[in-house]
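Peer 1: As given, the protein sequences belong to chains A and B, one line each in that order.
First residue of the first sequence? That's 1 in the working numbering, and the numbers climb one at a time after it.
First residue of the second sequence? That's 1 in the working numbering, and the numbers climb one at a time after it.
These are computed hints drawn from the structure, not numbers from a lab.
These numbers come from a predicted model, not from an experiment.
Any given hint could be a false lead.
Unchecked claim - Quick list of simulated restraints, FRET-style, between CB atoms:
id, chain 1, residue 1, chain 2, residue 2, range
1, A, PRO76, B, SER39, 33 to 39 Å
2, A, ALA13, B, LEU54, 45 to 51 Å
3, A, ASN53, B, SER5, 45 to 51 Å
4, A, PRO76, B, LEU54, 39 to 45 Å
5, A, GLU58, B, GLU82, 39 to 45 Å
6, B, LYS9, A, PRO21, 31 to 37 Å
7, B, SER39, A, MET10, 20 to 26 Å
8, A, ALA13, B, SER20, 41 to 47 Å
9, A, THR56, B, ASN17, 34 to 40 Å
10, A, ASP11, B, SER80, 40 to 46 Å
11, A, ARG81, B, LYS44, 22 to 28 Å
12, A, ARG81, B, GLY28, 26 to 32 Å
Glycine is no exception: its CB is placed at the ideal position from the N, C-alpha and C atoms.
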Amino acid sequence: DAKTTQPPSMDCAEGRAANLPCNHSTISGNEYVYWYRQIHSQGPQYIIHGLKNNETNEMASLIITEDRKSSTLILPHATLRDTAVYYCIRVQGGSEKLVFGKGTKLTVNP
Amino acid sequence: DTAVSQTPKYLVTQMGNDKSIKCEQNLGHDTMYWYKQDSKKFLKIMFSYNNKELIINETVPNRFSPKSPDKAHLNLHINSLELGDSAVYFCASRDRGTNEKLFFGSGTQLSVL
């Protein structure tokens with residue numbers, strides 16, 4: 001049980017921002033939100049993670065609501081290579097395993 | 001340099017055979033995993049090893065036996081292969097002392113005929 005809810009699919013135009021939502025309404029105080037993506041025929045790739053503050057790195061930004069019940073992954077300028085399945089995962093700090101859900105299939109269109 | 005490497009990339013075999021998949025990581029991580037991705041694309045954890053010790057076994061059949069000769073290697077041996085074992089198997093590693101950032105290999109596509 002991944003315990004997060006994501007839309008099954010989304011589309012985005014190349015060059016525009018892709019905003020991928022995730023609902024984790026039952027998240028507890030010591031659980032982080034992690035985002036991974038899986039490009040076709042490749043292994044999953046770590047993108048970003050956060051606890052309660054917004055985070056940004058070279059790949060994406062993560063916006064977590066103040067009540068921590070949902071978050072949004074932002075790819076600021078999507079490219080065709082960002083077409084992938086994006087997984088939002090909640091993880092307890094120190095946990096030994098990541099449980100992947102169904103994710104969101106993002107298609108970036110030219 | 002590939003951080004997490006798996007061999008072979010493709011494996012086609014007959015039912016009842018025994019096969020192995022090898023995994024090596026050069027990241028200096030102390031924890032390694034095997035995940036299975038079935039035809040419906042669900043990615044499920046199978047095993048986790050930390051410094052050659054089994055940490056997680058997610059009720060995987062006894063036909064699957066992981067072996068960790070050292071912390072840089074985690075091999076997966078499968079006995080008496082069945083049709084339902086057909087899947088993509090991913091190896092992963094992480095530094096247990098930091099966070100849950102996993103590094104995955106490129107996968108092994110196993111097809112049992």
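Peer 1: Quick check: which numbered hints come out false for this structure?
Peer 2: Numbers 3, 9 - these are the hints that the structure violates, sorted from lowest upward.
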